[in-house]
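Letter by letter, the chains look like this.
Protein chains: 4
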Amino acid sequence: MATTKIATADATSVTIRGKDLVGDLIGKVSFTELTYFLTTGRMPDAAQTRVLDACLVTLAEHGFTPGALVTRLLADSVPGQVQVAIAGGLMTVGEVFAGTMEGCAALLEAGVAEGGDPSDYCKRVVAEHRAVKKPVPGFGHGFHKPDDPRTEPLLTLAEDCGVAGKYIGMLRVLATEVDAQAGRHITINATGAIGALLLEIGVPANIARGMAVVSRSAGLLGHIIEESETRSAREIARLTKEAIPYRSDDQ
Amino acid sequence: MATTKIATADATSVTIRGKDLVGDLIGKVSFTELTYFLTTGRMPDAAQTRVLDACLVTLAEHGFTPGALVTRLLADSVPGQVQVAIAGGLMTVGEVFAGTMEGCAALLEAGVAEGGDPSDYCKRVVAEHRAVKKPVPGFGHGFHKPDDPRTEPLLTLAEDCGVAGKYIGMLRVLATEVDAQAGRHITINATGAIGALLLEIGVPANIARGMAVVSRSAGLLGHIIEESETRSAREIARLTKEAIPYRSDDQ
Amino acid sequence: MATTKIATADATSVTIRGKDLVGDLIGKVSFTELTYFLTTGRMPDAAQTRVLDACLVTLAEHGFTPGALVTRLLADSVPGQVQVAIAGGLMTVGEVFAGTMEGCAALLEAGVAEGGDPSDYCKRVVAEHRAVKKPVPGFGHGFHKPDDPRTEPLLTLAEDCGVAGKYIGMLRVLATEVDAQAGRHITINATGAIGALLLEIGVPANIARGMAVVSRSAGLLGHIIEESETRSAREIARLTKEAIPYRSDDQ
Amino acid sequence: MATTKIATADATSVTIRGKDLVGDLIGKVSFTELTYFLTTGRMPDAAQTRVLDACLVTLAEHGFTPGALVTRLLADSVPGQVQVAIAGGLMTVGEVFAGTMEGCAALLEAGVAEGGDPSDYCKRVVAEHRAVKKPVPGFGHGFHKPDDPRTEPLLTLAEDCGVAGKYIGMLRVLATEVDAQAGRHITINATGAIGALLLEIGVPANIARGMAVVSRSAGLLGHIIEESETRSAREIARLTKEAIPYRSDDQ
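Protein chains in written order, with my numbering: chain H, 583 to 833; chain G, 583 to 833; chain S, 583 to 833; chain C, 583 to 833.
For the record, the hints were derived by calculation from the structure and aren't laboratory data. Keep in mind it's a predicted model, so treat the numbers as computed, not measured.
For chains that are exact copies, the list does not tell them apart, and a pair is met inside one copy or across any two.
In silico DSBU-like pairs for lysine-lysine, Cα to Cα no more than 30 angstroms straight-line:
#1 Lys748 with Lys727
#2 Lys715 with Lys748
#3 Lys587 with Lys727
#4 Lys823 with Lys610
Produce the complete structure using the sequences and hints provided.
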């Protein structure tokens, strides 16, 4: 029979993972600290909290992404149910969106687990991706060139906080190797950097997407509030209808 | 034509509501501060941040709620798509779950907007609810008796932070009146207190539910992680089948 | 303790609402008949089936609706999970989309329940809506003028099938009154007609939206299949970004 | 630039995939025929319609599945939004639920595409699955033993309709081989049979899950209606809380 370590309550108290909600958590920890605690089971130190805050802040908002579109269309169709509009937008945080973060983190995890000379591992990984003409996850950006402006500040922050270790080290070696085999500079992108930062603070690759979901929920709430003022959803629907003409099979 | 104030980007920068993501936000603000900024358009001061953190920390996790069940069932059915499992669980944050928070905040907003003697307003509101045998939203708890243990610490924290004003004042008058007309003590519950706290820091009633959604996303991620270890979903499905027997119309 | 009338199974049989799935349903009834049976508890006769088929056929597909956009955006973001893309699109079938169908059906239900002269009821209902400058639900169409081409064929089909009774009668009286008080012709729209048809076959107003959901699921599946071939989602996202410019608060 | 073949409309007509909605579809085709038309682009003949109806009827309802639980929990939490409750339940139709249908269909597709002696192909496929101790998708059932009661009627119906061809032939050879290598009888289950039937009528493996989604939407609507009468959701939540006790990490 299953048990749970997450929470329990009685008439006069609420307990979350062994801590008293009122005595230990409310007013004592930030929401970022609680998020770390709820997902890893450990309370973060100040450096880990600072790094997680930086990751959550970076992931929250990217403008009119597909997820923001979904949220705005739902906010217009189902008024008064913000949770439905946020839920719809969050569902877009799948392989396409979060894939490079998870994929890069998984490469770094595997490289660190393998041990040995990081250079050898990175040479092999980059060569394998080039052989099948796939980009190395966490590298390249369609828009931010030559460098993703978020990457270096994120890595520097981790170094300043003293959490930078084998994963960020591996990412830097991988970057050198990506450039060398490509014969030109390809940026580490923000999701690659965040994958490495999360590993350094003990958030494994398979939970990283969940952190993006938490973060993005705040951004999508902002879109719902703006949508209630500016009403873009019907304009988007109209634009789409005009832009995508009907062509019968017979034509 | 609609415009957006939320975000823009060019090759070397990302701008969020007029601030440079790299220069002004990453490493400079916490995720809680960013959430406030994205939803109100203003950067919070330290007191507002502390109050919002307390609200988000209180709302994140309540054990095996209906939302946690939905998330666990989805995590089991759609492996590897945490965003789908979180989205499903978040959809439960509707009128039933968030209603008392919104309802209580709306009563407080209306009372403050009306001006006049809070006592007169609260007497009338309580009497109106009693006349139709409806509980005053934000009061009473099925389980936490005689007092919800989260309420007083939340209100005290707001007072200590210096943000307690007309809304918390109105809530305290309302509480006196609820007890007087009921002829016994009925607790202010945590969602009533949080509704008042959010109003004090400038988060209106109609956005309060969104804050619960952001907060709950972290709790649900914790449930997915535990579900991947303890596998409760099929046990829940089996229990339910056994507990709810089939009875034909003909029987 | 709750019980269920819906389904049970043992090693050698499956029973659905008292009928044997293999002996009574598979190969014996159409999916439309089963849908009626699952939602009303009664097996429809041929006329009711024909009317429900006509309603489901009418509601399935309307081109690039907001729901189709949501589905296409999700299909692009979460490849290989058609159920997620369909679910997202279906969530748009809320008050805005299905509201006129439910609203019109509720008016007809109330009028028939009231008894008395339909003319008196309809006069009053139209006047009440005009007094608050609200359209009567089920009347008017932004695009199909002077008449929604779907309405008359739907009503005629119900009459030909012999199911037209008090609800369609009430709708026709209501239409006369809408025109009279407006001083011009306003079409009964397809959702108004469908609301009346569903009532005639015993599907109440509060279940009508569910029929739209079932029907629309097939249309959205068609959009996912086309999206996999023509890839419109990213074009839609790009168009939207271009169409909705960023304006800082400071500008 | 993308185009669409799905639908268009003008003031006096609606066109769906080249057919006039009013003249060609309403009252002329069943919802099952329209579903086939919307997903394949072809209007089915009578035999194909009968087979698709049988598949949709079989998949619609299975009692208190995880999807039904999700739908009931959402119906209780978000009253009045049936589309949200149906959407949540449909999201469970992922690899776990629909995987054997898709997996079996993919095996049959590959075997038919390979040509050659079906026996050789099936021997190899079964041996490969046994080597990695994986069940052959579409075979075995935890509950329906020795035979899934739905399978033979579905296959017989396809044969009676004259649509049984290479795919059902391949499934029967596969069944012989599964039994031979297992040394005992293992049933073809309903999802295996449905995968084969859908292939025979031209619905490929990657669309089969979508048909399950359409079908299941009707079943879930039935659960919402029953839930509104019998209120099982809170009982389920209570049962779960009792069944899954809290154990602190410290214990």
